[in-house]
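We have chain F already, so just place chains A, D and C on it with the hints.
4 protein chains.
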Amino acid sequence: MIDKPHDYCGIFGIYDHDDAALLSYYGLHALQHRGQESAGIVTTYFDEKKNRHSMPMHKDFGLVLSVYDDPKIFENELKGRSAIGHNRYSTSGSSKNPANIQPFRVHYRNGNLAIGHNGNLSNARTLRERFRDEGVLFQSTSDTELILHLISHSREENQMDQIMDALSQIEGAYCLVILTDDKLIAVRDPNGFRPLALGMIDGSYTVASETCAFDIIGAKYIRDVEPGEVVIIDREASDKQEPKSLRLEPKAGTNSSQCIFEYVYFSRPDSKIFGEMVDKIRRNLGKQLAKEHPLNEVVKSSTEDRRPIVISVPDSSNTAAIGYAHENQKAGFDCKYDIGLIRNHYVGRTFISPGQKSREQKVRTKFNTVKGVIEGRPVIIVDDSIVRGTTSRYLVDMIRDANPLEIHFLVSSPPITHPCFYGMDFPSPEELIANKFDRDVEAIAKEIGVDSLRYLSADGLVAAVKEANDSPLDYCTACFTGKYPVPVDFGVEKEENEIV
Amino acid sequence: MIDKPHDYCGIFGIYDHDDAALLSYYGLHALQHRGQESAGIVTTYFDEKKNRHSMPMHKDFGLVLSVYDDPKIFENELKGRSAIGHNRYSTSGSSKNPANIQPFRVHYRNGNLAIGHNGNLSNARTLRERFRDEGVLFQSTSDTELILHLISHSREENQMDQIMDALSQIEGAYCLVILTDDKLIAVRDPNGFRPLALGMIDGSYTVASETCAFDIIGAKYIRDVEPGEVVIIDREASDKQEPKSLRLEPKAGTNSSQCIFEYVYFSRPDSKIFGEMVDKIRRNLGKQLAKEHPLNEVVKSSTEDRRPIVISVPDSSNTAAIGYAHENQKAGFDCKYDIGLIRNHYVGRTFISPGQKSREQKVRTKFNTVKGVIEGRPVIIVDDSIVRGTTSRYLVDMIRDANPLEIHFLVSSPPITHPCFYGMDFPSPEELIANKFDRDVEAIAKEIGVDSLRYLSADGLVAAVKEANDSPLDYCTACFTGKYPVPVDFGVEKEENEIV
Amino acid sequence: MIDKPHDYCGIFGIYDHDDAALLSYYGLHALQHRGQESAGIVTTYFDEKKNRHSMPMHKDFGLVLSVYDDPKIFENELKGRSAIGHNRYSTSGSSKNPANIQPFRVHYRNGNLAIGHNGNLSNARTLRERFRDEGVLFQSTSDTELILHLISHSREENQMDQIMDALSQIEGAYCLVILTDDKLIAVRDPNGFRPLALGMIDGSYTVASETCAFDIIGAKYIRDVEPGEVVIIDREASDKQEPKSLRLEPKAGTNSSQCIFEYVYFSRPDSKIFGEMVDKIRRNLGKQLAKEHPLNEVVKSSTEDRRPIVISVPDSSNTAAIGYAHENQKAGFDCKYDIGLIRNHYVGRTFISPGQKSREQKVRTKFNTVKGVIEGRPVIIVDDSIVRGTTSRYLVDMIRDANPLEIHFLVSSPPITHPCFYGMDFPSPEELIANKFDRDVEAIAKEIGVDSLRYLSADGLVAAVKEANDSPLDYCTACFTGKYPVPVDFGVEKEENEIV
Amino acid sequence: MIDKPHDYCGIFGIYDHDDAALLSYYGLHALQHRGQESAGIVTTYFDEKKNRHSMPMHKDFGLVLSVYDDPKIFENELKGRSAIGHNRYSTSGSSKNPANIQPFRVHYRNGNLAIGHNGNLSNARTLRERFRDEGVLFQSTSDTELILHLISHSREENQMDQIMDALSQIEGAYCLVILTDDKLIAVRDPNGFRPLALGMIDGSYTVASETCAFDIIGAKYIRDVEPGEVVIIDREASDKQEPKSLRLEPKAGTNSSQCIFEYVYFSRPDSKIFGEMVDKIRRNLGKQLAKEHPLNEVVKSSTEDRRPIVISVPDSSNTAAIGYAHENQKAGFDCKYDIGLIRNHYVGRTFISPGQKSREQKVRTKFNTVKGVIEGRPVIIVDDSIVRGTTSRYLVDMIRDANPLEIHFLVSSPPITHPCFYGMDFPSPEELIANKFDRDVEAIAKEIGVDSLRYLSADGLVAAVKEANDSPLDYCTACFTGKYPVPVDFGVEKEENEIV
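Protein chains in written order, with numbering that gives the first Met the number 0: chain F, 0 to 499; chain A, 0 to 499; chain D, 0 to 499; chain C, 0 to 499.
Here chain F stands alone, though its shape is the one from the complex (with noise of 0.2 angstroms):
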């Protein structure tokens, strides 16, 4: 339906440190998660002997570890005292155009910019149209570009006044590190869709979609950059001295409106988003899961000799299940949490697999059973999602190899039945298994081979989410309810006005 790149990624920025760049790589590397296709950075650096600001850039396709991996780009190409950094997700199918490379660096009329964007912008096609029809060209399809042209074309003076200007005409979910030659510049989207988390270094701010970027660099949590926050970090920001802030508003009728599926899935089980770890989240996920779903209910034949195992998908749903094993064992329940599949992480850029039975194939190169723990007894495995579908089904196929008395499969969120155009990159409505058996749970459970699955309930999952973070926010649940918190520009025919 929509076929441009969707821009899930991961952004980084730090303000006036000695070792701006390198703290990037090392925060860019903590968020990988977020993104593997391309990585970049740039900083800001005055040059005294040219007497000019100027935005040294590294950016290329690959993995951070591999984008940077001779010392000398540090040495000499990136100097500077402040940074921004992005990792960008790879979309199945999209062409590999180094032109959707972020961040994005411009020279314009009143200095250097450049700008790291994660989310979606939901008016981009209403935008680029405007755009097309004044003649303005594109080198990009991505909508960050149209970022930068809005803040270029600004018929503002000041450069703080045409970045809120830009702003104020996008809609839709973003969250964005701006490096001009004086500031560092962090802002959230009105709905907060996306998490971004503030901290500081040695005296210095730094800003991260995750707190695991921070921990990596030994930086400490401050507090989450709030929905709607234009956050101004310039000399004058100080340990003593919080940084400026300025306000978007949200578009009239909503709310705000946090990406539940980063508790689910995305982020790192031990990064706090939305203010709260999302480790915590996730057990209790898991304990909400065996409210719903008590053991006793879920498994026919134990006994004592075959005590039920409870094992995760690893390594993104084990806290869920040990979660689930725990809220069990408390109840009274007789059961263990064992690790009954490993993951083989050798995993490169391309898996090859000509012939037949490819697509089993690839479940078999990443993970394999563990046969003592698994055969002879109820297993229950605890995965955090299901989305085509196929993986989970040749994962049972090797479990039922190992001879397991009954398999169970739970899965910590409910059913996802819609698309997401706020930054998840999902496959198309009808790829989803659940609309393929149209929510017919029975079926689902026939199709991937286990003697019975349960999901979490949608108010299940709010509810746990809230349990365990007394934030008073609120969340998106649009790929399971279909329920979109802000409205979306389809329609507008496709139009790219690009420069290649």
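Hints may contain errors.
The list cannot tell twin chains apart, which means a pair is met if one copy fits it or any two copies do.
[Claimed, not checked] Calculated pairs, DSS-like style, for lysine-lysine (alpha carbon to alpha carbon, straight line, at most 27 angstroms):
id, residue 1, residue 2
1, 335, 279
2, 365, 219
3, 290, 329
4, 361, 78
5, 243, 329
6, 48, 78
7, 329, 299
8, 78, 365
9, 71, 365
10, 335, 290
It should be emphasised that the hints constitute simulated quantities derived from the structure, not laboratory data.
Frame of chain F; chains A, D and C shown alone:
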């Protein structure tokens, strides 16, 4: 002391199968943990047109999935129904000589022959010196090439006799897969240092260092190749007809001596080696640890609110940690296994770390703590082994930052004190932390910054392994005890006869 | 003074031919001398399935034969029956920005459009400043992108009107090939600075900077595109029907001003440009040189045994040297044209020359003397031009080592004293040897180490060209005379509006 | 017939000079025409710290300027005061085995030794078979490796004796540079097939295949290494003290047999080989051609207006064409040497030519005619040799398109009819045009489309060479006459003992 590259590796072989090369590829991927520096596959192929046998080969530096990232390699290059494959270990400091990538292939007067080797010959220097004096030139520093020269220089007429002649002259640790124009030969040295298993798929015999390579292709494990066994798989071997075997006698006064460190750390938990599942052995090491160091002796300040947490250093010590936790729970000690450390698996080829805090940063690049799990609790870290101790120290520092009540470090093996001459790559003895502090456990505990440190006893290690594995064969514990089962020829002057 | 890359280049276009991309490839190879930094081809393609026009493109740094070294580029990528191609010149010091590789392609509200440009706009800064003030962002420093923005921002409705609107705003030197979804448009600026020829192959029209691009594909030369002519090749143009033409008026007070340096040095001798063969013109420059500086005035010590030898600096001055020798022979002066310098054509991308004698070494790397030809004779070197003079000096040193009797240096053009603002890449004026020595020919002769140095006069140059070419059009001689035919907008502050 | 790669190459050596590696680099560049597939340099270096000799090496596929495109190679890698270098020829169809790149380097019981070889051993198969039977393994198909094994297997104690022992066993064509820890040894086979010259720079001795390698570094030519001479350059050799020489005796019944094809085509015109300048020899071949085929016998329809034009196929036949033209002028025949063909030197590694007219296109890609020179005149093309004849044919077609009055083709050597077993790479005999048409010159003329074709006679070739070179040594003319001066061991079954 010994500066030649350690040939620590994974090997695979398959005879007479439609997808010989492809199955080798999957098998090598499953064995990737045994060697990440290079990968190679050789097949046998009879070219009807030219009426001659050839051995197509494709090998290169890199992970298996990268080396074979083009389906054409299988379609056009690696034709043939039998194949052997090899993964080679990256030893730090080894200059990257492509001539050392295995398998080695040779065309000599008796036809084609290819060989893949896992292990280290203990009389390599004596043999090399003998060849040197004859004027024979080498192209690599590899022990494997020595074996080829022994075969080629043999005065026997028949190829199989030449191979046996060569094998009768080598000593030490070696598992070999040898491919000839009409046979696949699998050899395990008379002491059985390294693992080698025999399996079957679609009626074809296959061999592999570990059974995880069978699982990935759906092959069935039959039995281990026995110490001193030379398994000859040819046209006559079939489902109904076991392959022939020849025997190599152990050096007088030596015994079976399977590498116990394979169980402790090196092999995959989902593999069966030396006749038993690694996962089961490691779980038992955790139990043994609980017997030698029960929780109540380890932890000082446990209260109901502050239940002790048992965490592992992912992923190699996961099972031992679970074994330790369960055994203690069984014994009535209140504790919980949980995930306290998250491992970042996005690791490229190089990690650059300019600046002063580089080694600490290296650990942070790989691990992060889960604060909610650790904070305010007594933490028991279970790890499989401590080598240099530097990583442990920085890991403990990170855990300390998450504010646990106490930190106790339990190692599911004894202190490593001696070098391995049979293929395992340890640093030089003076770099081993146990030697640095003269095996004073309290001093080591202080160095790595924990409240207490406890090792498994050497006797306990062997006992726990034997308890879980009822095989009558014995184990090599030289790295823990200094008792070398097969003598090593030190003192021979280094000499290379390499052509490059 | 001006630091933007000079767009000195070769262009090619073909309309409605089965092998459009392949013929462009050959054409660009023939034009390789006009630009070695990068090469690019764009085709038009109507995708029946998607029912839409697209413009496949393949461009990269490198020589034409390297950029297109895979036949699949033509089979799978560059489909379509019309194409334009471009070679770009490597200017020393230009940082290698891939965004500057031509052709440029855009999809805008009126469809696809691609453009290739040879020349330099003299009002680029004024135009760029205007766009900058409007907030338009650029992705390159290229004048070519400016033309695209002018077209896209035009308020005309019709595409052809937009193009004419854009062309009416640009000044200076430009030959353009423009590809739209249904047309190939060839433009030569009103002063006709750069050459552009129209040809035909298999009934299809083709255009190229020089006719050598027609010879390589077997096309027939029809005529030059005239100064100020906009040739529109579309479906209606055919063997029987000339393509339509529109006209651009020259800036008031300016005249035709074809670049005379194309004849002196830049074009290939086997090309016809400005209506005449370059070889014929150069031969006439040699004759003119003989008239202005007859052999008997040049050589002092000629005897029968020591006949004077006329040698060229291969390959660009070969024809002038032959012309000089023949004219003198005709005039009864005994002399011989011979090959006294050998050129080494195995030159890679980079030449490293560490150590002190590097510049001298650079000349030796390219040239060697033929001692038997030079030794003991008066030698007359004919070269087409002297720029910095350093190469000439080292060349003369080498020739001196071969023991000639005398060395006389004849230049088939006047001293270069002024920069070119119309596309030719000369060093800054102070680096020109003629300026360094204040046009004192004797001082220059001393500097380069010859017994005498003689230039062709500026009047003689123009006269000789006009004698050989009966075209009524005039020539630009600004680099020799400082008379700039079209004013240049200096003094505009540098400003980049680049997105990268 | 013989499918192993021909070791046709350029070699270079220098002893005890500050810039040993750098001078080798320049020398190899000058010798680039002798081999474009790969380049390599080895130096000797005494590491004071480790108190041992080593031989740093850098070699790779590619042209010299590409293989050494990083100054660090010279600064950090190739340290040491002596060096040898090697360029290897690209034989079509040879699979690119990096193990065949020279020089070869070995560390054996007598220290380090490196070797570079130009030529082909005629008893290679016999030697290889002998080694095969002993079980010696090879890593390449190169004759050069054979020599290394002969040295290493020698039962002599002293290194120099081992080398002489090895040399006494090889037959055929070989020029060698051998580097040991303290010597540079230059060897020319007893028949002197290939050229090798001795020079001096800054008091240091240097050797090279051709003297153009001396010119590029400013070295002085001293004399040729004589057939059968083994020049030993060590510390005792100096300006005042000639290096020692040992002698190898020619096989009984054989004589000096310098390759006459080096003069005809292969060497550079600015080189002195076999004691005389190539340029001088080729000029004399042109004169001899004029004597055997004077202009008035060749051209039919010359008139005053239509003076015959003598053109060369650039660049290798330039001098012969000039010689032919001058000799005819001297004899009173009115004709002119001119440039009728332009060669495009921008040739990358690969030339793709999809489509039907590919071979013709290949010629057009390399050459273009200068129409003004050719049109309306009798044209005499002088070329050095005709091999397959296909290129000649397409060249003639192109010239015909330029409308000459007549086309006559003169070849400055006899028809090639036999394969070379001493290092020159000709196609198989049946592909040679002279054999295809059974040496019927008129039939060949018809095939290549000329009005007449004339070859130089074999006797005339030898006479013209001897006239210009007063050396008493004789020449090998086997490719023209089939008289092989040294017997070749055919009939030995192909056998490779390669490890890869």
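Which hints, by number, does the structure contradict? Per hint list: single violation, 5.
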